[in-house]
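K.L.:
Here's the letter readout for the chains.
There are 2 protein chains.
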Amino acid sequence: MVKDLHHLLSEESKGRKPSPLKSAFKYYGQDDLVFLGGGLPMSDYFPWEKIVAYSPAPPFTGAAGIAEKPSETGKSTVTELYKEQVEKFDVPLARSLQYGYTAGQPELLDFLKKHTEIIHHPPYPEWDTIVSIGNTESWDSTLRTFCNPGDTILVEEYTFSSAIETARALSVNFAPVHMDDKGLIPEELEKLLKNWDSSVKPFPKLLYSISTGQNPTGSSLSNERRKQIYDIACKYDFVIIEDEPYYFLQMGEYNKNVEAKDIPTPTHEEFLNSLVKSFLSMDVEGRVVRLDSCSKVLAPGTRLGWIVAQKDLLERYVRLHEVSIQTSSGFTQSLIAGLLGRWGQDGYIDWLIGLRKEYTIKRDFTTRCLEKYMPSLVKYDPPVAGMFFTVIIDAAKHPEFATKYDSDPIKVEDAVYHRALKAGCLMIPGSWFRSPNFEGSSSTFFFRGTYAAVDLKQLDIGLERFGKAIKEEFGVTN
Amino acid sequence: MVKDLHHLLSEESKGRKPSPLKSAFKYYGQDDLVFLGGGLPMSDYFPWEKIVAYSPAPPFTGAAGIAEKPSETGKSTVTELYKEQVEKFDVPLARSLQYGYTAGQPELLDFLKKHTEIIHHPPYPEWDTIVSIGNTESWDSTLRTFCNPGDTILVEEYTFSSAIETARALSVNFAPVHMDDKGLIPEELEKLLKNWDSSVKPFPKLLYSISTGQNPTGSSLSNERRKQIYDIACKYDFVIIEDEPYYFLQMGEYNKNVEAKDIPTPTHEEFLNSLVKSFLSMDVEGRVVRLDSCSKVLAPGTRLGWIVAQKDLLERYVRLHEVSIQTSSGFTQSLIAGLLGRWGQDGYIDWLIGLRKEYTIKRDFTTRCLEKYMPSLVKYDPPVAGMFFTVIIDAAKHPEFATKYDSDPIKVEDAVYHRALKAGCLMIPGSWFRSPNFEGSSSTFFFRGTYAAVDLKQLDIGLERFGKAIKEEFGVTN
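Chain order of the listed sequences is A and B. Following the UniProt record's numbering, the numbering of the first sequence begins with 1 at its first residue and continues without gaps. Following the UniProt record's numbering, the numbering of the second sequence begins with 1 at its first residue and continues without gaps.
If you're looking for bench data, these hints aren't it; they were derived computationally from the structure. Incorrect hints may have been included.
Simulated pairs of lysine-lysine, BS3-like, Cα-Cα distance not exceeding 27 Å [unchecked claim]:
#1 K201(B) with K457(A)
#2 K422(A) with K256(B)
#3 K3(A) with K83(A)
#4 K22(B) with K468(A)
#5 K22(A) with K468(B)
#6 K17(B) with K411(A)
#7 K14(A) with K201(B)
#8 K22(A) with K422(B)
#9 K83(A) with K75(B)
#10 K457(A) with K83(B)
#11 K201(A) with K14(B)
#12 K50(A) with K227(B)
#13 K411(B) with K22(A)
#14 K26(B) with K311(B)
#15 K3(A) with K261(A)
#16 K457(A) with K88(B)
#17 K457(B) with K26(A)
#18 K88(A) with K50(B)
#19 K26(A) with K468(B)
#20 K227(B) with K113(B)
#21 K277(A) with K191(A)
#22 K50(A) with K468(B)
#23 K411(B) with K26(A)
#24 K26(B) with K468(A)
#25 K471(A) with K26(B)
#26 K379(A) with K404(A)
#27 K83(A) with K50(B)
#28 K83(A) with K457(B)
#29 K411(A) with K22(B)
#30 K372(B) with K227(B)
#31 K256(B) with K277(B)
#32 K422(A) with K26(B)
Keep in mind it's a predicted model, so treat the numbers as computed, not measured.
Kindly generate the complete structure, drawing on both the sequences and the hints.
P.N.:
Rendered as structure tokens:
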């Protein structure tokens, strides 16, 4: 049964009144009404008559994954857009370039909702989808929808620093939850909440989790942990914000003995069954807000994301969007609805399978580089999802840990960072991702690397340099 | 001399720290550095190889203005975009669809800065430009940059209701400034500030003004008033936010005896000289933040605007954008830079001249309809700029004003609204645009109409119906 969660809304969100102008706009387009109510320029004069986009065509399921380019297959998906609607899945330019449709253009929402249904089967009927302009904005709007200054949010103790900055500027309190190499630990979450003293800090309203291919640790929550965390959310009445840009980059366990390119292409059914369960897929109470994004599966500059949640909550987001971003760019909505419409749900799943293949190849290559170049004092655990890998180092193994570095692992981390940078490889120190109020006393530190941004040759060169820098810093040869 | 305005910033904005990740990103793209720092997908796999857009071609300066379509002139401006850069003014898709460039893509900013220079000649050197996703977002970000909850802003006493909603949700106090048919009255502004009691409400930090073709009154501030208001801003130390989406729709005075299509096309110099002076053009202290938008000059769904202000202030906006919207859509930036680059500054000015012509034709037609259909108790003053016209009615002239309507003009306004709606014409009641804390005791009310959204035939039908509704309500025939 879907829960009424209005008691968790921010004062800002509760105070947002419906505009009287909206009551007039419901008459817009009504037969035989001359509507002189809104400052809408006539679409006749939008200076784009036609837009044509050339994209690769499915299937993308060959050995090279999405690396099979149109020039190689000889096929293209051609999206032709006009002011008028031609294909039923297209958003005509006269509409996408006009005001209106804050929640998103119907054709695009239709595709995204069907996609959500196929992937997550949300188990309650009152869910819906709206567009956003990417997960950074979705998160900012989420904070404005739920949190008053001084409110508390639960976060993974290491998390995306930009998400922290978004929240910090809104004067939110952070309650970091301990993690291990498999991500957030449900027992630690429950312990924190059980012992919560609401006279010191308000009880947390929401948990922010990058559950799959976590940034920065690369960890992914198992189905079991997700179920435990969801049950805790129901018991303690908070909302789960699942920020899932990396969800489809689920490469599975690393297998030393198999070359990624030799892994047989799965059927759609096999692919769907292999995906980890989202919080949304177990959300019987409507207390999950899922943030999805085109940034990692199509391109970041699309500035298109979508939010899935119960209708009543999404209505509050739409009221906020009306007076902030309005909606995603019309070019973006027309071009993406056009491409996805032409690919179809099946073609898009082919794309996602091809994308996963691409990342599996890179994850595996990276792991082999780590095996080759890292000294034995470095630990690493090949990620099962996402763009990030970590190398973990125990600062106590440094011969000058107590002397030169005052037994402070962060000082050793900093030394490694600068030594590697000088050697020509940049990886990000893990401590940069610590949540405010972080509590930890381990002597280990880690670096976050990515295999997303560079080709295999660069990965090899970079990791060789990084390994060398560590060896030099620690005075070891192996 | 440009002033340091940091004392006017909000706590949120002052508290925004530079991200440590940014310090790493400065190394991105450096020669011989393998950058494993950022989760940037490779542009090779963005599924858009080529985008081609067909637009009308300059000149647009014929009798029909921008209504001269490519199909009529036989000419098109064709924008071809690729992942790589071909033309120097194009933003290549590999870059626009990637992360980065929060302030906007350099080629687009370059065009917008030159345009700003041509139109406004900002009189201090430290000004700059960043992109936004439209003026609604620019205004939201402006409020977050300057205002703490409880801070005061000055607004025109009738103003865009959505702008009010944006501010209201952030718990801002409103100080409405009295207006007449020429807009905000400088003497009233000064009186308000001179008598301000800061022990009751914080002294205003900013003035929000839609200075040209004001929404909803259609009024435009004269050069003289603007100069007076600017001097008051310097004297009382507040920031002027000029929200100017209608700036280029400056039709000039209505001339009963001339058909708009017969007005000779001005030279670029004549056109530029005919434009009202912006606050930016007189801003010697760097205390104007100008919000510009593509919404009314190209298309609303582009979701592209730009902000002009002193560099130090814009830096605060960029920090906010990094953790909220990131930047405008890459499709938008590539398509608009591509179109404007091909048109050139001159071609774009041709477009603006053509656009003004189009609106002049519609403003004049509307005025003739008002002359024809409105009973004599209705007053109207043809707007010199913008999309909106008003019809002003004295409720005291209603035979049942004191009896049926309790001498309340708003009740008469409401009766006219519903009667016109029933007759098949929707115009917006002026009282819907009253600022919070509005003080007024006149018996007159007004309606806001627009000539933007419909064609001439519809305008004629609608205004005939509206006139008839007023006549019926007031029991007059003329």
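K.L.:
Taking each numbered hint in turn, which are not upheld by the structure, reported in ascending numerical order?
P.N.:
Structure breaks hints 1, 2, 3, 12, 15, 16, 22, 30.
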